Amino acid sequence: MDIAWMAWTWQTAAFFAFIAVLLAGMTLWELVSPGGAPRHGVLGLDTTRGDRLFISLLGSAFIHLGWLALIDTPLWGASIVSVLFALAVFRWV
Amino acid sequence: MTRTWNNRAWFMVFPVLALVAFNAIIPLMTVVNYSVQETFGNNLFFFEGVKWYEEVLASSRFHAALWRQFLFTGTILLIEIPLGVAIALAMPRSGPWVSVCLVLMALPLLIPWNVVGAMWNIMALPDIGLLGHTLRQLGIDYNFTRQPGDAWFTIVLMDVWHWTSLVVLLAYAGLRSIPDAYYQAARIDGASHWSVFRYIQLPKMRRVLTIAVLLRFMDSFMIYTEPFVLTGGGPGNATTFLSIDLVKAALGEFNLGIAAAMSIIYFLMTLLVCWIFYTLMMRGQDQ
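Those protein sequence lines, which keep their order, are chains A and B. For the first sequence, the residue numbers in our numbering are 1440 to 1532. For the second sequence, the residue numbers in our numbering are 221 to 507.
Be careful, since some hints might not be right.
Said to hold, decoys possible - A short list of chain A residues far from chain B (calculated; beta carbon distances all over 10 Å):
| hint | residue |
| --- | --- |
| 1 | 1445 |
| 2 | 1446 |
| 3 | 1448 |
| 4 | 1461 |
| 5 | 1468 |
| 6 | 1489 |
| 7 | 1492 |
| 8 | 1495 |
| 9 | 1501 |
| 10 | 1504 |
| 11 | 1507 |
| 12 | 1527 |
| 13 | 1529 |
Stated by the list, open to error - Which stretches of chain B does chain A cover? Using the computed rule of at least three CB atoms under 8 Å from a CB of chain A, they are:
| hint | region |
| --- | --- |
| 14 | 268 to 276 |
| 15 | 327 to 333 |
| 16 | 350 to 360 |
| 17 | 487 to 500 |
Keep in mind the hints are simulated off the structure, nothing from the lab. This one's a predicted model, so the numbers in the text were calculated from it and none came from an experiment. Don't be surprised by glycine CBs; every beta carbon is placed ideally from N, CA and C.
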């Protein structure tokens, strides 16, 4: 099957592989500790760990876009901020 | 007591997963791939990194289209939600007129988007259209093909005509679900019409109105066909909303990289707003 039209690059493949690994990790976490660990976080929202991953990923996307718009490349700074953001979300949200 | 898990049910989900993979995930992956590359056709691509994202984020054209999009969405929400609630409140609660009103309200929703655009295009023509001709007879210098303000007026009017019915139907469903006991209690307390609306009807409609706002936001934020048929994004770029700008970049100019980067930013904004509305809706439900 010819998938040249999908125009894969190793960078985008690595990105999607990272997302897939995260989802697989979340599945394993759920198997080890079922229930999704629901809690009422600092934002006043009831979240499960799946919600917290979604918020982390969406927030990270906007952090990277904001970094590009306001600071420019390289994006390592945005990635570090995103990891810190995700840790904060998983700890407090 | 130990819980027995039956994982065979997951097999039932596979057809949906396959469908979502083909109609959403694979196209989305492809768009992400395009957004970091340049192409001149023939499946030849050159890696460009985040260049297109930088260009889009710094582009005044994108900012203008985004601003127009938010302005349009805000305007129609400010009109359609209160108007829809007002019409729902004015509709009869029982009797033979209920069906007539519901059918009349549902009619605009049944018309395909491109037909709505074509209808309003013909109706707004300054020389022969019912709306255009009438306005000109009234001494108003109306021409939606030349004046940006008139083009906006026509597009907003068209959207209000097409979609207020949806808000009406949702609000009406919300109103009908309020038990009579609430109204009887309000009558005993001597509550005014405003108090009944403020403290009974509005809180009880909260959930359906959140759904109405969500649906109208999403639809209007992604609007393409109607303004494209009516004005084609003009005059100039006056009604070039995000989706029209995106199609111009992708198909008109064959700037696949820029169009893909725009699509991803557009998608993320839509996702964020969806999540906010969904969270609000779920919170309302819990309360």
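For this session: Return the numbers of the hints above that this structure violates; sort them in rising order.
Result: 1, 2, 3, 9, 10, 11, 15, 16
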